[in-house]
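2 protein chains.
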Amino acid sequence: MGVGSRSLFVGTLVHSKSLEELEYLEDIAVFVDENGVIAAIQTKYSKATTEEVDAIFQKLGWAREDVVVKTAKNGEFFFPGFIDTHIHASQYANAGIFGKTTLMDWLNTYTFPMEASLSDAFKAKTVYSRVIQRTISHGTTTAAYYATISVPSTNLLADLCLSFGQRAFIGRCCMDTMAPDFYKDESPASAIADTRATIAHITNIDPKHALVTPIITPRFAVSCTSKLLHGLGALQKETDLPVQTHISENKNEIKLVKELFPDHSSYTHVYDGHGLLGPKTILAHAVHLSEEEVDLVKIREAKISHCPASNSAITSGTAKVRMMLDKGLQIGLGTDMSGGYSPSILEAAKQAHLVSRHVAMEGDDNTKLSVEEVLFLATKGGSQVVGLSDKIGSFGVGMEWDAQLISLGSAADPVEEGLGSVDVFGWESWEEKMAKWLFGGDDRNTLAVWVKGRLVHERKI
Amino acid sequence: MGVGSRSLFVGTLVHSKSLEELEYLEDIAVFVDENGVIAAIQTKYSKATTEEVDAIFQKLGWAREDVVVKTAKNGEFFFPGFIDTHIHASQYANAGIFGKTTLMDWLNTYTFPMEASLSDAFKAKTVYSRVIQRTISHGTTTAAYYATISVPSTNLLADLCLSFGQRAFIGRCCMDTMAPDFYKDESPASAIADTRATIAHITNIDPKHALVTPIITPRFAVSCTSKLLHGLGALQKETDLPVQTHISENKNEIKLVKELFPDHSSYTHVYDGHGLLGPKTILAHAVHLSEEEVDLVKIREAKISHCPASNSAITSGTAKVRMMLDKGLQIGLGTDMSGGYSPSILEAAKQAHLVSRHVAMEGDDNTKLSVEEVLFLATKGGSQVVGLSDKIGSFGVGMEWDAQLISLGSAADPVEEGLGSVDVFGWESWEEKMAKWLFGGDDRNTLAVWVKGRLVHERKI
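As you go down the protein sequences, you meet chains A and B in turn. When we follow UniProt numbering, the leftmost residue of the first sequence carries the number 1, and every step to the right adds one. When we follow UniProt numbering, the leftmost residue of the second sequence carries the number 1, and every step to the right adds one.
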């Protein structure tokens, strides 16, 4: 089922109908064209007459023999691919290693040395190949990646995403101050020139950015001079490319930003004042944003990447997701490896559920997120954050087939083998099965993954 | 490698030397006798001469041909079996299903109906068989189980633990008030008579409680009358059996206990006043204990089962583990399924690490637990809690071989198969490998499990 084949996916589809509600569509056939676009959806497929199915083929101008058919077995379901809105590909080899650090000492102890070491092209290829394959195996069909400051290493990440077939945003880290000498941009001008070089490379290998898109990446306000931020803001205006950065992750960081940018009234205003806060901006973390800052984010239509595993692991704090949702922000999930310890957006969704309960412990029970809500953030919410909600994140005619086939284990299978640690006993409702998947599932439950209709992963059982 | 064989385990051993420190013992041979007891440990085994090894065999009176040899491959290691100090076997089928509930509505919505339904012997056998096999597959060699109020169902759980070879404490739930009519002890007398019946059964099938031990189980102060608590306190004095119960999990529960037992100055004093707070008492949760209560627990030498996954999932609060450790309490980990969502003590250890960071967010950075500390709680700490630290939880001559063989995946293996989601690149230190296991590992990394020297689980790769 390589690039360019027409496909028919048959079985149950589950996706987010709204923030609060999952839709369970049983007995469906999805017709996906050679470009990975959903051309037609037939309901009650098993009840359809030969004539009705023939009519679809005729309307599409397809022959039955051209189509590769993938049927989900009883109990299996197709689910939108996960969207990781914040992940540092270059830190993957450190996943799980963070000791007792918090943000600023974590950067210096673990992160900068690891990122700098990826100027070694072979090491970069090893780590990047692995993180792409690993995240795909966990169902991630789209990832917004931070690479390193190195142009060749950043370009390599883009090449590899194209080759493995993962939809990706690729950002070269810009950082011209408050960084170690061995890992720092020489000047604002060089940072911008290097960013342009990666944009040119990516546009060369994928001219329409159909799969891989460059993303302008000021690391965070602390590590960028005002001159660099202004330059990147201007570059955004010139290119209309997306932007990604970090915001308000840790209290000491916020204090430092206040000291470094005394003319701006908040962290959010720093980005806004440099032309970097717009509808195509992905702000990672947003743990300690004031309500006033949230209002500004809303006005600018900037997006939030919630990274709960990271926020707990390096003791950053608990993001107020319900508050931000209530104010109308669009929010997705990020693994933030290796501040986060896991390549899995399913784990991020689980942690979002748990962290929302830690927020509730502070007093407001309404802050709790449901299973349905965190799975929305993992898919549809993520598609809004990366600006692709018309193409991915849910299923519909005209959208692209970025999907995973999920199967949950049966309590009747031997524990020594099989589909992971989820036990379905047979009496569970759909809602209960989704809860069991969220809390007990892992990459074993993701049997296969498609991006733009192309099969990019298949689990050997 | 069935019951009664002599075994030789060769390779790397890792276990807790202290709360803060893991010991990495490479090139070791462990001689385990037909009763599962470690008879001798040889260091620098690969360097030992034939004469030196012969001398050990001679001293033990063993012949080389009597011994089954299991060698850990390069990169693999033997680790003590996990000890789950708090788990409701009867709630396993609900793992992951808890909605937005907190303790009291969770009990009525999900828990009591599920437990009551296990009066159906076939359903009980299905669920209990699965939870035992599943927890073993996650490396749990000892579990302190709550069953249900039903005598036959409780006895069945004991039979199955003996049959599958898991070391277990089996408690029949006592609850004669504040429970639904369909699931409640008729009277204090009947609750005690039923408890005696399960004690008699377990003593009949395992006279020395070598593997399975009865444990006196008042569900919690809310669901027991004072008369029942007094009766169970007397039963403990008579039998010297261990006791398990819940304490101070949820603020509404604490308030209710205060109302129900106005003559006692705290939740802890309720158990103390009924003869139920002693060195053999396991107190689950202890989320909101005052320092004064902790002091009383310390004086009585009662033990704590910390259940972080559950405490986050049903919004109970964050247990102050560092404070309790500093005051000298002995603490282990509990999955608390299905308040907790996972059968895995490795997941409980990971959550203990994360929850300690949520405590730190409240102000005191010293509360953070390290990788080494949570793995201590999962093994050695657990052995103290269940009163078996002279037998299990770490390795030493005279102790019993309750162990798991761990293997971490290599970044060189295909992601479609292999040993789970941990990627070891080859440059990691032992400390970093343990961190990767804790944060990315799962049951796939547990290749084999032994209890008292008997192989009880082996993963098919």
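Just so you know, these hints were derived from the structure itself, not from any lab. Mixed in with the good hints, there may be bad ones.
Lysine-lysine pairs mimicking DSS-like chemistry, simulated, CA-CA at most 25 Å apart [stated by the list, open to error]:
1) B/Lys100 to A/Lys100
2) B/Lys100 to A/Lys460
3) B/Lys44 to B/Lys70
4) B/Lys368 to A/Lys100
5) A/Lys17 to B/Lys100
6) B/Lys47 to A/Lys255
7) B/Lys70 to A/Lys251
Problem set entry | Hinted pair B/Lys368 and A/Lys100, Cα distance within 25 Å | Between B/Lys368 and A/Lys100 the Cα gap is close to 7 Å, so the pair holds against 25 Å.
Exercise. Going straight from one Cα to the other, do B/Lys100 and A/Lys460 come out at no more than 25 Å?
Worked result: The given pair, whose Cα atoms are some 36 Å apart, is violated under the 25 Å limit.
Exercise. Does the alpha-carbon distance linking A/Lys17 and B/Lys100 stay inside the 25 Å limit?
Worked result: Holds. A/Lys17 to B/Lys100 sits at ~20 Å (cutoff 25 Å).
Exercise. Is the straight-line distance between the alpha-carbon of B/Lys100 and that of A/Lys100 25 Å or less?
Worked result: It is violated: about 31 Å lies between the C-alpha atoms, which goes past 25 Å.
Problem set entry | Given pair status - B/Lys70, B/Lys44, alpha carbons within 25 Å | 17 Å, holds
Exercise. Given the hinted pair B/Lys47 and A/Lys255, is their alpha-carbon gap at most 25 Å?
Worked result: Roughly 57 Å separates the two Cα atoms, so the pair is violated.
Exercise. When you check the alpha-carbon spacing of B/Lys70 and A/Lys251, does it fall within 25 Å?
Worked result: 51 Å, violated
Checked against the numbered hints given earlier, this structure breaks hints 1, 2, 6 and 7; the rest are met.
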